[in-house]
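Trainee: In the order they appear, the protein sequences are chains A and B. Under the working numbering, the residues of the first sequence are numbered 887 to 1241, in order. Under the working numbering, the residues of the second sequence are numbered 128 to 411, in order.
Calculated directly from the structure, the hints in this document are not laboratory data. Be a bit skeptical, because a hint or two may be false.
Claimed, not checked - Okay, derived cross-link-like pairs now, DSS-like style, lysine-lysine, Cα gap no bigger than 25 Å in a straight line:
1) Lys1190(A) with Lys1081(A)
2) Lys1220(A) with Lys1190(A)
3) Lys1159(A) with Lys237(B)
4) Lys1131(A) with Lys1081(A)
5) Lys983(A) with Lys959(A)
6) Lys1159(A) with Lys1131(A)
7) Lys1110(A) with Lys1077(A)
8) Lys1220(A) with Lys188(B)
9) Lys163(B) with Lys188(B)
10) Lys1190(A) with Lys237(B)
11) Lys1131(A) with Lys917(A)
12) Lys1175(A) with Lys1110(A)
13) Lys238(B) with Lys1220(A)
14) Lys917(A) with Lys1159(A)
15) Lys1110(A) with Lys1131(A)
16) Lys1168(A) with Lys163(B)
17) Lys1077(A) with Lys1093(A)
18) Lys1081(A) with Lys1093(A)
19) Lys1159(A) with Lys238(B)
20) Lys1175(A) with Lys1190(A)
21) Lys1190(A) with Lys238(B)
Said to hold, decoys possible - These stretches of chain A come out as covered by chain B in the derived footprint (C-beta under 8 Å, 3 or more residues):
22) 1026 to 1040
23) 1048 to 1057
24) 1170 to 1181
To be verified - Derived Cβ-Cβ restraints for the label pairs, each shown as a range:
25) Gly180(B) with Gln905(A): 36 to 46 Å
26) Gly1079(A) with Gly180(B): 49 to 59 Å
27) Gly180(B) with Ser889(A): 30 to 40 Å
28) Leu372(B) with Val1015(A): 53 to 63 Å
29) Ser889(A) with Gln252(B): 38 to 48 Å
30) Glu1214(A) with Ser219(B): 43 to 53 Å
31) Trp242(B) with Lys1131(A): 32 to 42 Å
32) Gln248(B) with Lys1131(A): 26 to 36 Å
33) Ser1194(A) with Ser219(B): 48 to 58 Å
34) Glu1214(A) with Asp206(B): 52 to 62 Å
The beta carbon of each residue, even a glycine, is placed where N, CA and C say it ideally should be.
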Amino acid sequence: MVSLIDYTLDEALRRRIPQSAIAGILDTLQKYNVEMHDISLEHMPEYRNILSDAGLLERLRCRAAPSISELSKARGMGFKKMAVVWSNKLNPLSLSKLEAALYAVRNAGAEPFLCIEDASRSYYAEFDVYWPIIERYDVQRLIYCDSSSAMDPFIVRRSLMELLETAICPVEFYASNTFGLATANSLAALKAGVKHIGTSVNGVGPKGRTAMEELLMAVRHLWKRQTPPGYTLADDCSSILSAMKMEVRVDKAIIGANVFAHESGIHVDGIAKNPELYEMIKPEEVGLKRQLVIGKHSGTASLKYKFSEWEMELEQDDAVQMLEQVRELAEQQKNPLTDLQLMDLYRRRLIFIHE
Amino acid sequence: MQSKVSFELVDTTMRDGEQTAGVVFSQEEKLQMAVKLDEAGIPWIEAGIPAMGRREQETLKEMLSLPLRATLIAWNRADEADIRASIACGFSHIHLSLPVSDLHIQFKLKKSREWVLERLQHILQFTRSFGCTVFVGAEDASRADPEFLLQYADVASRFGAERLRYADTVGCLDPFETFSRVNHLVSRSSLPVEFHGHNDFGLAAANTLSAFHAGAALASVTISGIGERAGNASLEEVATSMSHLYRFSCGLQLPVLPELTHLLSRASGRPIQTYRSVMTAMNG
């Protein structure tokens, strides 16, 4: 099963959400196999109080620069897991600095993680210098970051397969989403054999991240592998976002309010015959509802289907005539018709006939 | 990994994009989009569906009268009346679409595979009799039997189609499946393949890049990925990732893309997508 490292909390702290909203976010995320939350040390001073919860502290990992002063701040706050942020660009001679940082983490009684920020810019053999150090300080995991969105799924899979051949500790993958490839790249990391992936709800983060809901549902429904079920996923994600004063876009993959909305005649006709024609998963799999929208692209079958939902039968002739009016009205108002408007059109037709 | 140097984008914002539930573009907005897409260097614009009715036809005639370098394409069901409407508008490039998965053939058409192949042959001959250039769409190709898809491609090619669109209609492919399926088709069919991806699992842009690696000659995109349900592959994401990762511009003027993003946002009434950071990056 894929294990998730959550960055939603990190973004929530960066956005300075009220402390009272944090517990709700964390509770909700517990449903989705979140193994721990990665947070940056720089957000922490204002949120020190949350660290008094010992249970929570076990699930937090503090990300910090490889400096003794930063790491001693993290130690002072009581963190049990610390990720030292490192760049491959640094001169190999500076490895002693890395060693000093990892030593400080161990000395603080915390578990060390090594986060290579620009890993995607490096050849796998360049990682060889780290293995002896990782062994010496018993580093829990190497966090392979594509912070600059420099990879496509094929490059990710190949690079990580090569890395895993020589790696002496588990590898974690983290992608930023500048070009919209983060979810695909994370799937590629799983293909390569990586088990731990960094995600955030809705992909929130300064440069975007792998969207938790996309990764989980792709693994579940495209690969038919076990992940936590998504029956309340859309609500969970939108409540987390609203705690951060953000909204889920209506067309956001998996959780957007409109991802099960259908308007075009061909699609509604198809949905009426068999929803699988135009839906890869059922709305209830992610806690959403199907909607039929009546508008410019509706067909007669859409109107009939809509009326059948109201337990009314619409004759073909009526449907054809109404469709012309529907399309004109939708174009005029640049919006689909509300149920009320549709009923109104229908009633007016009846009056006209009776006259 | 085989890569071809030619890869062209087909913009379908005004066809598949406008089919988004709740979205209607005005005539003026459509004409603006066509001009701006042309300015960005998009070579193919799927302009709309003439069979939609009189008002759509008027807009499309206006669009055809614009002095564009891009070629405008009319979308059609495999239906004579649809084709006639497109020809009456003045289109010389016709896209016609039939479903190819058993699911669609059985439940939507209530027909057989044989019927689909016969229909394709008939409608191709009909359309070609007007001297049009014809592109063929394979709806729900990603859930179709790959062998049947090859038969479909073979009929398309024998009866004069010049392109085959592989539609991942419900967005159910991942990048690796996309590669193997598109590669299977490309290596066995003589027709140039256009990949048409949907974003139901957030994978449309990545799948489009995979199709490029697999030898697809073209790909469908929409501005900001607008389209049915979770949308289509996004023009901005596909173009900028190709440019950054492969140093390949698809012949596009990338600086024009933010103008398209803004135009689309106004026309659709949807805010610019901040969670997809390429939009933020491009728009400052």
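Trainee: Now tell me if each hint is right for this structure.
Mentor: Taking the hints in turn, this is what the structure says about them:
Distance restraint check for Lys1190(A) and Lys1081(A): the Cα-Cα separation of roughly 49 Å exceeds the 25 Å cut-off, and the hinted pair is therefore not satisfied. Between the alpha carbons of Lys1220(A) and Lys1190(A) the distance comes to roughly 22 Å, so the proposed pair stays at or under 25 Å and holds. For the hint linking Lys1159(A) to Lys237(B), the alpha-carbon distance of about 10 Å falls within 25 Å, and the restraint holds. Between the alpha carbons of Lys1131(A) and Lys1081(A) the distance comes to roughly 32 Å, so the proposed pair goes past 25 Å and is violated.
Between Lys983(A) and Lys959(A) the CA atoms are separated by roughly 17 Å; this keeps the pair inside 25 Å, and the hint holds. With a C-alpha separation of about 40 Å, the suggested pairing of Lys1159(A) with Lys1131(A) is violated against the 25 Å cut-off. With a C-alpha separation of about 14 Å, the suggested pairing of Lys1110(A) with Lys1077(A) holds against the 25 Å cut-off. Pair hint Lys1220(A) plus Lys188(B) holds up; C-alpha atoms about 21 Å apart against a cutoff of 25 Å.
Pair hint Lys163(B) plus Lys188(B) holds up; C-alpha atoms about 18 Å apart against a cutoff of 25 Å. Our distance criterion of 25 Å between C-alpha atoms is met by Lys1190(A) and Lys237(B), whose separation comes to about 19 Å. This hinted pair checks out: Lys1131(A) and Lys917(A) have alpha carbons roughly 22 Å apart, not beyond 25 Å. Simply put, Lys1175(A) and Lys1110(A) have alpha-carbon atoms about 22 Å apart, close enough for the 25 Å limit, and the pair holds.
In summary, the hint linking Lys238(B) to Lys1220(A) is not supported, as the alpha carbons are separated by about 36 Å, beyond the 25 Å threshold. Taken as a hint, the Lys917(A) and Lys1159(A) pair is broken in the structure, with Cα atoms around 35 Å apart against an allowance of 25 Å. Our distance criterion of 25 Å between C-alpha atoms is broken by Lys1110(A) and Lys1131(A), whose separation comes to about 34 Å. Proximity of Lys1168(A) to Lys163(B) is assessed by CA-CA distance (about 38 Å); at most 25 Å being required, the pair is judged violated.
A distance of roughly 24 Å separates the Cα atoms of Lys1077(A) and Lys1093(A); the hinted pair therefore holds under the 25 Å criterion. With a C-alpha separation of about 23 Å, the suggested pair Lys1081(A) and Lys1093(A) falls inside the 25 Å cut-off, and the hint holds. Restraint check for Lys1159(A) and Lys238(B): the C-alpha separation of about 14 Å stays at or below 25 Å, so the hint holds. Simply put, Lys1175(A) and Lys1190(A) have alpha-carbon atoms about 20 Å apart, close enough for the 25 Å limit, and the pair holds.
For the proposed pair Lys1190(A) and Lys238(B), the alpha carbon gap of about 22 Å is at most 25 Å, so the pair holds. Requiring three or more residues with a Cβ within less than 8 Å of a Cβ of chain B, the coverage given for the segment 1026 to 1040 of chain A holds, as 6 such residues are present. Against chain B, the segment 1048 to 1057 of chain A contributes 0 residues with a C-beta closer than 8 Å to a partner C-beta. That does not satisfy the three-residue criterion, and the hint is violated. Here's how the segment 1170 to 1181 of chain A fares: 3 of its residues keep a CB closer than 8 Å to some CB of chain B, so the rule of at least three is met and the hint holds.
Under the hint 36 to 46 Å, the C-beta atoms of Gly180(B) and Gln905(A), about 57 Å apart, miss the expected range. The supplied range of 49 to 59 Å is met by Gly1079(A) and Gly180(B), whose beta-carbon atoms lie about 54 Å from each other. Between Gly180(B) and Ser889(A), the C-beta spacing of about 53 Å breaks the proposed range 30 to 40 Å. Between Leu372(B) and Val1015(A) the beta carbon distance is about 27 Å. The supplied range of 53 to 63 Å is therefore violated.
Judged by the Cβ atoms, the range 38 to 48 Å given for Ser889(A) and Gln252(B) is violated: they are separated by roughly 57 Å. One distance hint, 43 to 53 Å for the beta-carbon pair Glu1214(A) and Ser219(B), is violated here, with the actual separation near 29 Å. Taking the beta carbon of each, Trp242(B) and Lys1131(A) are about 54 Å apart, not inside 32 to 42 Å as hinted. A C-beta distance of roughly 57 Å is found between Gln248(B) and Lys1131(A), which places it outside the suggested range of 26 to 36 Å.
A hinted range of 48 to 58 Å is violated for the C-beta pair Ser1194(A) and Ser219(B), which are about 41 Å apart. Distance hint for Glu1214(A) and Asp206(B): a CB-CB separation of about 23 Å, inconsistent with the stated range 52 to 62 Å.
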